[in-house]
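*Asks:* Residue-level listing of the chains:
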Amino acid sequence: SSGRPRRGGGAAAMCSGGTLSILRSDSYVDLSQYRDQHFRGTRYDQERLLRKSCTLYVGNLSFYTTEEQIHELFGKSGDIKKVIMGLDKVKKTACGFCFVEYYARGDAENAMRYINGTRLDDRIIRTDWDAGFKEGRQYGRGRSGGQVRDEYRQDYDAGRGGYGKTVQCQ
Amino acid sequence: MSRRRHSDDSDAGQPHKRRRTSEPSEIEERLESLICRVGEKSNSSLESNLEGLAGVLEADLPNYKSKILRILCTVARLLPEKLTVYTTLVGLLNARNYNFGGEFVEAMIRQLKECLKVNMYNEAVHLVRFLSDLVNCHVIAAPSMVAMFENFVSVTQEEDVPQVRCDWYIFAFLSSLPWVGKELYEKKDAEMDRLLSQTESYLKRRQKIHVPMLQVWTADKPHPQEEYLDCLWSQIQKLKKDRWQERHILRPYLAFDSILCEALQHNLPPFTPPPHTEDSVYPMPRVIFRMFDYTDDPEGPVMPGSHSVERFVIEENLHCIIKSHWKERKTCAAQLLSYPGNNKIPLNYHIVEVIFAELFQLPSPPHIEVMYTTLLIELCKLQPGSLPQVLAQATEMLYMRLDSMNTTCVDRFINWFSHHLSNFQFRWSWEDWSDCLTQDLEKPKPKFVKEVLEKCMRLSYHQRIIDIVPASFSVLSPANPVCIYKYGDESNRSLPGYTVALCLTIAIKNKASNDEIFSILKDVPNPNQDDDDDEGFTFNPLKIEVFVQTLLHLAAKSFSHSFSALAKFHEVFKTLAESDEGKLHVLRVVYEVWKNHPQMIAVLVDKMIRTQIVDCAAVANWIFSSELAHDFTRFYIWEILHSTIRKMNKHVLKIHKELEETKARLARQHKR
Numbered sequence: 001s002s003g004r005p006r007r008g009g010g011a012a013a014m015c016s017g018g019t020l021s022i023l024r025s026d027s028y029v030d031l032s033q034y035r036d037q038h039f040r041g042t043r044y045d046q047e048r049l050l051r052k053s054c055t056l057y058v059g060n061l062s063f064y065t066t067e068e069q070i071h072e073l074f075g076k077s078g079d080i081k082k083v084i085m086g087l088d089k090v091k092k093t094a095c096g097f098c099f100v101e102y103y104a105r106g107d108a109e110n111a112m113r114y115i116n117g118t119r120l121d122d123r124i125i126r127t128d129w130d131a132g133f134k135e136g137r138q139y140g141r142g143r144s145g146g147q148v149r150d151e152y153r154q155d156y157d158a159g160r161g162g163y164g165k166t167v168q169c170q
Numbered sequence: 001m002s003r004r005r006h007s008d009d010s011d012a013g014q015p016h017k018r019r020r021t022s023e024p025s026e027i028e029e030r031l032e033s034l035i036c037r038v039g040e041k042s043n044s045s046l047e048s049n050l051e052g053l054a055g056v057l058e059a060d061l062p063n064y065k066s067k068i069l070r071i072l073c074t075v076a077r078l079l080p081e082k083l084t085v086y087t088t089l090v091g092l093l094n095a096r097n098y099n100f101g102g103e104f105v106e107a108m109i110r111q112l113k114e115c116l117k118v119n120m121y122n123e124a125v126h127l128v129r130f131l132s133d134l135v136n137c138h139v140i141a142a143p144s145m146v147a148m149f150e151n152f153v154s155v156t157q158e159e160d161v162p163q164v165r166c167d168w169y170i171f172a173f174l175s176s177l178p179w180v181g182k183e184l185y186e187k188k189d190a191e192m193d194r195l196l197s198q199t200e201s202y203l204k205r206r207q208k209i210h211v212p213m214l215q216v217w218t219a220d221k222p223h224p225q226e227e228y229l230d231c232l233w234s235q236i237q238k239l240k241k242d243r244w245q246e247r248h249i250l251r252p253y254l255a256f257d258s259i260l261c262e263a264l265q266h267n268l269p270p271f272t273p274p275p276h277t278e279d280s281v282y283p284m285p286r287v288i289f290r291m292f293d294y295t296d297d298p299e300g301p302v303m304p305g306s307h308s309v310e311r312f313v314i315e316e317n318l319h320c321i322i323k324s325h326w327k328e329r330k331t332c333a334a335q336l337l338s339y340p341g342n343n344k345i346p347l348n349y350h351i352v353e354v355i356f357a358e359l360f361q362l363p364s365p366p367h368i369e370v371m372y373t374t375l376l377i378e379l380c381k382l383q384p385g386s387l388p389q390v391l392a393q394a395t396e397m398l399y400m401r402l403d404s405m406n407t408t409c410v411d412r413f414i415n416w417f418s419h420h421l422s423n424f425q426f427r428w429s430w431e432d433w434s435d436c437l438t439q440d441l442e443k444p445k446p447k448f449v450k451e452v453l454e455k456c457m458r459l460s461y462h463q464r465i466i467d468i469v470p471a472s473f474s475v476l477s478p479a480n481p482v483c484i485y486k487y488g489d490e491s492n493r494s495l496p497g498y499t500v501a502l503c504l505t506i507a508i509k510n511k512a513s514n515d516e517i518f519s520i521l522k523d524v525p526n527p528n529q530d531d532d533d534d535e536g537f538t539f540n541p542l543k544i545e546v547f548v549q550t551l552l553h554l555a556a557k558s559f560s561h562s563f564s565a566l567a568k569f570h571e572v573f574k575t576l577a578e579s580d581e582g583k584l585h586v587l588r589v590v591y592e593v594w595k596n597h598p599q600m601i602a603v604l605v606d607k608m609i610r611t612q613i614v615d616c617a618a619v620a621n622w623i624f625s626s627e628l629a630h631d632f633t634r635f636y637i638w639e640i641l642h643s644t645i646r647k648m649n650k651h652v653l654k655i656h657k658e659l660e661e662t663k664a665r666l667a668r669q670h671k672r
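Going line by line, the protein sequences match chains G and F. 62 is the number that full-length UniProt numbering gives to position 62 of the first sequence; each next residue is one higher, with no gaps. 316 is the number that full-length UniProt numbering gives to position 316 of the second sequence; each next residue is one higher, with no gaps.
It is possible that part of the hints are untrue.
[To be verified] Taking lysine to any residue pairs in the SDA-like style, the calculated list, with each CA pair at most 20 angstroms apart, reads:
#, chain 1, residue 1, chain 2, residue 2
1, F, K381, G, N116
2, F, K557, G, F63
3, F, K208, F, P162
4, F, K509, F, S564
5, F, K568, G, E135
6, G, K76, F, T408
7, G, K82, F, F563
8, G, K81, G, E67
9, F, K595, F, P481
10, G, K76, F, F426
11, G, K81, F, D615
12, F, K41, G, I22
13, F, K557, F, L502
14, F, K330, G, S32
15, F, K67, G, T19
[Unchecked claim] Only part of the chain F face toward chain G is listed, based on derived beta-carbon distances under 7 angstroms:
#, residue
16, C36
17, T74
18, L78
19, S324
20, K327
21, E328
22, I368
23, V370
24, T374
25, N423
26, Q425
27, R458
28, F559
29, S560
[To be verified] Reference listing, derived: stretches of chain G covered by chain F, where coverage requires no fewer than 3 residues with Cβ under 8 angstroms from a Cβ of chain F:
#, stretch
30, 21 to 32
31, 115 to 124
Note that these hints are calculated values from the structure, not bench results. Quantities reported herein were computed from a predicted structural model and do not represent experimental measurements. Note that beta-carbon positions come from the ideal geometry of N, C-alpha and C, so glycine has one too.
Input sequences plus hints: build the corresponding full structure.
*Replies:* Put into structure tokens, the structure is as follows:
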């Protein structure tokens with residue numbers, strides 16, 4: 001072929017060696033144990049979608065964190081296509097999670113490597129692969145309308161409505 | 001032939017698993033793991049681990065020789081920070097099995113030639129260094145190494161080749177000398193002197209017009225930003241003056257001297273550098289970034305001077321560690337902090353300097369900027385008692401030298417510092433920087449603080465920033481990012497278009513269609529024309545103003561609201577902004593509404609380009625227009641411009657690729 005010799009990837013395989021498994025390690029990008037129980041399709045389908053997804057679930061946000069803040073932070077790993085704020089199903093107010101969709105998978109991977117586990121609004125936020133936004137998934141699945149984790153938690157979290165819902169009802 | 005697939009549609013994961021090569025590949029994985037991890041987390045010494053591993057590998061040679069060769073060649077190429085560990089291992093193997101040593105050297109030469117052919121010059125340097133350290137391990141005879149270097153240096157005599165080609169061969173030669181200079185000089189001093197003299201004359205005559213372009217600071221004080229080959233040359237000259245005594249590099253092979261000196265050495269085959277071709281792409285020249293010297297840490301170990309070879313070796317190794325582990329930030333931080341020699345060198349200072357060297361590298365950092373922010377945070381977590389202080393000291397020094405810092409680097413500094421602060425509750429001793437308040441606000445220091453505060457606000461909210469800075473800093477605080485709606489107040493009712501704006505507001509709130517919007521807008525007179533030609537929608541700035549102001553005001557609540565508005569009324573936008581003047585005016589109105597909220601302007605411009613309401617040319621014209629001249633040195637303007645250019649580049653690449661693919665498809669069609 002008359003192509004120019006390329007650096008990197010393909011050329012590395014040409015060199016008698018390839019690469020080393022310790023250098024291939026990319027643990028921040030690997031799938032977590034979590035699978036969406038409401039996902040319509042097989043486990044295999046879900047994992048296939050997760051592996052090529054450009055969408056991240058972002059959790060442990062403060063209820064007061066705005067789309068603008070999320071855009072600024074996650075924009076550091078690449079151009080954002082869309083931010084969808086997670087809402088309380090009843091109140092329709094922010095309930096502490098969101099989805100961030102990138103145009104390119106590589107940008108989402110860099111967010112998993114470098115933004116996951118760092119702070120936004122002084123809280124350590126967590127990102128995870130999402131199979132893709134579908135209408136309805138922007139709502140919390142807890143009985144009270146927020147996220148499940150806020151139903152039963154015992155601690156006081158000023159950024160997430162104070163005590164858990166069950167505790168509040170006592 | 002049955003095409004029935006392993007029927008597994010339910011939970012068990014992927015339909016087919018590769019089982020063919022599991023047994024041998026398990027052994028290969030084990031060998032690779034043993035080799036890669038030698039010396040890590042062990043109770044025994046590195047030397048006894050190496051000896052043990054050499055024994056294991058020697059026993060495996062009959063069955064797995066080619067795999068072992070492949071793995072060793074790969075670690076030579078990809079783990080340069082552990083160079084001397086693996087040359088020692090090869091030395092021990094060569095002592096036990098001379099043929100294996102010979103085959104390894106041959107494989108290395110093949111790999112070197114391959115790397116040079118496919119432009120993998122950085123990896124090739126590692127291979128050359130590995131070969132030269134094999135001289136110290138009695139695997140390769142010193143005279144044959146000198147001969148190879150003679151061929152390298154003679155590249156400088158080639159005519160009509162790019163300077164960067166000669167640069168690489170000189171770099172490969174000089175940068176191996178910290179490891180092998182002593183041995184080569186002892187065996188072949190006359191030849192080495194000749195090589196060094198040829199090198200010197202090449203360095204004197206080569207062009208260095210790239211240097212001002214690549215320097216992070218324009219000032220030479222406190223540390224000159226040296227061209228990389230000039231710096232390396234000074235370091236090698238000093239090494240030679242010190243009689244090639246080098247004390248930093250860990251040399252495990254010294255412990256095995258009695259074994260290794262019994263080994264038979266191999267001669268390198270004569271090596272002809274592959275000729276320059278049209279497709280050759282050599283590494284770019286660099287400028288060495290320095291921000292610290294021994295005076296910056298008076299209490300700790302002495303930092304090796306800028307022209308010491310130790311400094312070169314430490315920096316090379318730290319850069320290699322980052323290159324190896326950039327995807328794994330915790331591993332990267334741990335590996336950096338466990339760099340040997342911790343108590344003899346101010347390691348934290350070296351690490352911080354190397355990280356900033358990469359972050360500020362021109363034209364671009366080797367890795368994505370946010371990686372460095374997060375890596376520094378990981379390092380602070382692992383060394384909470386010492387690293388944050390070094391980082392604070394570095395920040396202070398960078399602030400002090402803003403006056404001569406390259407603007408692109410200042411931008412990166414702002415982005416890094418604001419993001420870093422947002423992870424530490426924005427705690428900073430702002431009063432220490434009160435000196436900037438007395439300066440003209442366009443000067444680098446106050447401008448830097450202003451931009452940092454603006455970026456900090458984007459990551460939090462306006463009141464937070466007001467709270468974290470002393471009251472005296474209010475002149476540098478960012479504006480409250482609120483929307484400015486010119487038709488908002490009853491007092492503005494005399495403005496032309498005011499009543500239409502009111503009408504539009506009600507219509508939009510009542511979910512009017514695009515057609516209804518058009519008919520409302522028909523009533524807006526065109527200040528540019530005497531008779532309103534509303535058959536075609538010629539450029540009517542007032543229409544644009546009324547529509548865009550009103551819509552953006554109604555959608556001001558969040559980015560999503562604004563994006564929905566752009567999408568819903570896309571047709572109206574396209575019609576109003578059909579002409580070039582229309583596009584420019586839309587951008588002007590967006591600015592007027594959102595001038596307090598540069599972040600909003602940036603995302604709106606991005607969306608409008610992507611939905612083709614405006615084009616890149618309009619954005620460029622708007623940015624360079626006289627109306628925006630007062631904001632020309634604000635970083636958000638350049639953020640928008642760079643983002644626009646990037647989108648344009650990506651788009652061009654994408655359609656170029658589609659064109660090539662279509663051509664290829666057409667060619668295949670014609671062949672049939």
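*Asks:* Given S560(F) was flagged as interface, is its beta-carbon under 7 angstroms from a beta-carbon of chain G?
*Replies:* Given a least distance of 6 angstroms, the restraint on S560(F) holds.
*Asks:* Take the shortest C-beta to C-beta distance between V370(F) and chain G; is it under 7 angstroms?
*Replies:* holds, 4 angstroms
*Asks:* For the hint on I368(F), does the least C-beta distance to chain G fall short of 7 angstroms?
*Replies:* holds, 5 angstroms
*Asks:* For the restraint on R458(F), tell me whether the closest CB of chain G is nearer than 7 angstroms.
*Replies:* holds, 4 angstroms
*Asks:* Is it true that the CA of K568(F) sits at most 20 angstroms from the CA of E135(G)?
*Replies:* Roughly 18 angstroms between the alpha carbons, so the hint for K568(F) and E135(G) holds.
*Asks:* Would the hint on T74(F) be counted as holding, given a Cβ-Cβ threshold of 7 angstroms to chain G?
*Replies:* holds, 4 angstroms
*Asks:* Count the residues of the stretch 115 to 124 of chain G whose CB lies closer than 8 angstroms to any CB of chain F, then report whether that count reaches three.
*Replies:* Holds: 6 residues of the stretch 115 to 124 of chain G have a Cβ under 8 angstroms from chain F.
*Asks:* So, L78(F) near chain G? Judge it on the closest CB pair being under 7 angstroms.
*Replies:* holds, 6 angstroms
*Asks:* Given the proposed pairing of K509(F) with S564(F), does the C-alpha separation stay at or below 20 angstroms?
*Replies:* holds, 13 angstroms
*Asks:* With a cut-off of 20 angstroms on the C-alpha distance, tell me whether K330(F) and S32(G) pass.
*Replies:* Since the Cα atoms of K330(F) and S32(G) sit roughly 17 angstroms apart, the hinted pair holds (cutoff 20 angstroms).
*Asks:* Verify the proposed pairing of K557(F) with L502(F), using a straight-line Cα cut of 20 angstroms.
*Replies:* holds, 19 angstroms
*Asks:* Are K381(F) and N116(G) close enough, with their CA atoms no more than 20 angstroms apart?
*Replies:* holds, 15 angstroms
Figure legend: structure checked against the earlier numbered hints; every hint is met.
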